[in-house]
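Visitor: Given the coordinates of chain G, work out where chain U should sit on it, guided by the hints.
Line by line, the protein sequences give chains G and U.
Residue 3 in this note's numbering sits at position 3 of the first sequence, and the numbers go up by one each step.
Add 1000 to a position in the second sequence, counting from 1, and you land on the number used in this note's numbering.
Simulated from the structure, these hints should not be mistaken for lab results.
Ideal Cβ placement from N, Cα and C applies to all residues, glycine included.
Some hints could be false.
Unchecked claim - Across the chosen pairs, the derived CB separations fall in these ranges:
#: 1; chain 1: U; residue 1: Leu1013; chain 2: G; residue 2: Lys16; range: 45 to 51 Å
#: 2; chain 1: U; residue 1: Ser1048; chain 2: G; residue 2: Asp24; range: 46 to 52 Å
#: 3; chain 1: G; residue 1: Leu118; chain 2: U; residue 2: Lys1047; range: 37 to 43 Å
#: 4; chain 1: U; residue 1: Phe1245; chain 2: G; residue 2: Gln91; range: 48 to 54 Å
#: 5; chain 1: G; residue 1: His140; chain 2: U; residue 2: Ala1017; range: 39 to 45 Å
#: 6; chain 1: U; residue 1: Arg1009; chain 2: G; residue 2: Arg96; range: 36 to 42 Å
#: 7; chain 1: G; residue 1: Leu25; chain 2: U; residue 2: Ser1230; range: 23 to 29 Å
#: 8; chain 1: G; residue 1: Leu25; chain 2: U; residue 2: Arg1085; range: 42 to 48 Å
#: 9; chain 1: G; residue 1: His197; chain 2: U; residue 2: Lys1047; range: 18 to 24 Å
#: 10; chain 1: U; residue 1: Ser1230; chain 2: G; residue 2: Val122; range: 30 to 36 Å
#: 11; chain 1: U; residue 1: Arg1085; chain 2: G; residue 2: Arg96; range: 18 to 24 Å
#: 12; chain 1: U; residue 1: Phe1125; chain 2: G; residue 2: Tyr202; range: 55 to 61 Å
One letter stands for each residue in the lines below.
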Amino acid sequence: MFYVSVFFQYMAQYMKTKLQYRTDLLIEWLSDLMAQAVNLVFLLVVFGHTTLLHGWSRDEILFIYGFFLVPYAVFGAFFNLWDFNERYIVQGEMDRVLTRPLNSLFQIVLERMELESLLGAVPGLIIMLYAGSRLSLSFHWYDVFVFILLVIGGALIYAGIFISLATISFFADARTSIMPMMYNISSYGRYPIDIYHRVIRYILTWVLPFAFVGVYPAAYFLDKKEWYSYAFFTPVVGMVCFTVSVMLWNAGVRRYRGTGS
Amino acid sequence: MDKYMEMVRIRFLMMLAYRTNYYTGILIYAINIAAYYFLWSAIYGGKSSMQGMSLGQMTTYVAISWLARAFYFNNLDREIAMEIRDGKVAVELIRPYSYLGMKAVQGLGEGLFRLFFLSLPGLFFVSLFLPLQFPGHAKTWLSFGLSLLFSFIIFSELNLLAGVVTFFTFRNEGLLRAKRFIIDLFSGLILPLSFYPDWAQQLMAYMPFQAISYIPSMIITESFQGAAVSDGLFTQAAWCVLLWFPIALLWRVAKKRLVVQGG
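So here's chain G without its partners, still in its complex pose (with noise of 0.2 Å):
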């Protein structure tokens, strides 16, 4: 209950200080919307020459790509970890966010959280939306549910491989150029799955389960019956992905010893 609270009393000081920078507001969510487009752009680019891609259409690849969006604004909107090892580890934050009464792993999130990251989701919907009903897609009632649940599968999921990562800040001293790397390798879980040689099919799958964030749960929508199991397979990736990487960051945490600065 406490951790509620504390979470509320964090969003609504959050709001304060990004309502008063308004300006900083429109510029980011611009450029957040920019990288969006350079990836639609590509897509469009690419389907200007071909039709299927696997038997995929352009525009259930399209729809891929905006059901990705909205789980990966979720991510991005709590889990702001790409710059933990500079600001906590090097810069010796980690020492105070310890001395806080809350878990380490939660405060840090409070601390860095970005709501405006949500809006990322929206070009994500309208993605969809133009998308499935071109496709003329029918969706039922319980469909807004299931996508609720995989959408924080899909977050859970990224945000269980981003902690990891983090955590090997407690581990290794040296700076890591993983983090950049681990984003652009995300971006392959939104194409079909079947198009890859299947040791990077089971590395998406099982290793670094992208895959669970784009392809599998969009198929249950676009009614590809194949990767039904996949698709409800999601909730529990994310659970285990989640559960593993904060037992790895408490791991971590424990082995800590600050920089002596």
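Guide: Frame of chain G, contents of chain U only:
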């Protein structure tokens, strides 16, 4: 000149201290390129060529453009913006060297390091299991080397330009981010410009971004033949010179109106 060479060396050694990271980097790069390869195979879907490029050429194009990026990429714009915000730039300006020149050679030091410790081993590793096509002519390789050097100069000039603009705006996080996406999209990194619709191609021909990635990658895949190679190199050289003027001009003004807040 000696002090600049020394700076290249120091940056190189600084990066060398963190080399273990780059082993994982090579692996991740390999996964990346392999995934791209399968994506493009699916896009080709059995077609023998698209826009005059075969699948082999396309794979090589993608592999080389990411490796070339490791060489020409740097964060000079962010570094300059940060030094202005922290007030460190005041100290930099009284040092007996050209501030922008020093920044550029630091970028070169980093780039050379990544060329030797990320790009070349990465390329070797990837060529073990992907069908990359390398040109047999020494002339192509020479043109590519020259082209890559131009890429570095143009990319750094754009970064310096964005950095110098910070002298006037103080905060330009948004501009820097926007520049990154524009370069990703218009430089031909994510896909060859020849795939874009005609009107877009005509527009891009007037911009400096194609000189960063598209031209060198087209040269190494031998998608550019004969006169196209020398035209490409000439375009790059022209942009290297042209971009220098706005930087020099803005820099002259910026030095005079620099305000250091604290430091």
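Visitor: For every hint, state whether the structure bears it out.
Guide: Structure-based check of each hint:
no.: 1; hint: Leu1013(U) x Lys16(G): 45 to 51 Å; verdict: holds (46 Å)
no.: 2; hint: Ser1048(U) x Asp24(G): 46 to 52 Å; verdict: holds (50 Å)
no.: 3; hint: Leu118(G) x Lys1047(U): 37 to 43 Å; verdict: holds (41 Å)
no.: 4; hint: Phe1245(U) x Gln91(G): 48 to 54 Å; verdict: violated (39 Å)
no.: 5; hint: His140(G) x Ala1017(U): 39 to 45 Å; verdict: violated (58 Å)
no.: 6; hint: Arg1009(U) x Arg96(G): 36 to 42 Å; verdict: holds (38 Å)
no.: 7; hint: Leu25(G) x Ser1230(U): 23 to 29 Å; verdict: violated (48 Å)
no.: 8; hint: Leu25(G) x Arg1085(U): 42 to 48 Å; verdict: violated (19 Å)
no.: 9; hint: His197(G) x Lys1047(U): 18 to 24 Å; verdict: holds (20 Å)
no.: 10; hint: Ser1230(U) x Val122(G): 30 to 36 Å; verdict: violated (48 Å)
no.: 11; hint: Arg1085(U) x Arg96(G): 18 to 24 Å; verdict: holds (23 Å)
no.: 12; hint: Phe1125(U) x Tyr202(G): 55 to 61 Å; verdict: violated (19 Å)
Consistency note: the structure conflicts with the earlier hints numbered 4, 5, 7, 8, 10 and 12.
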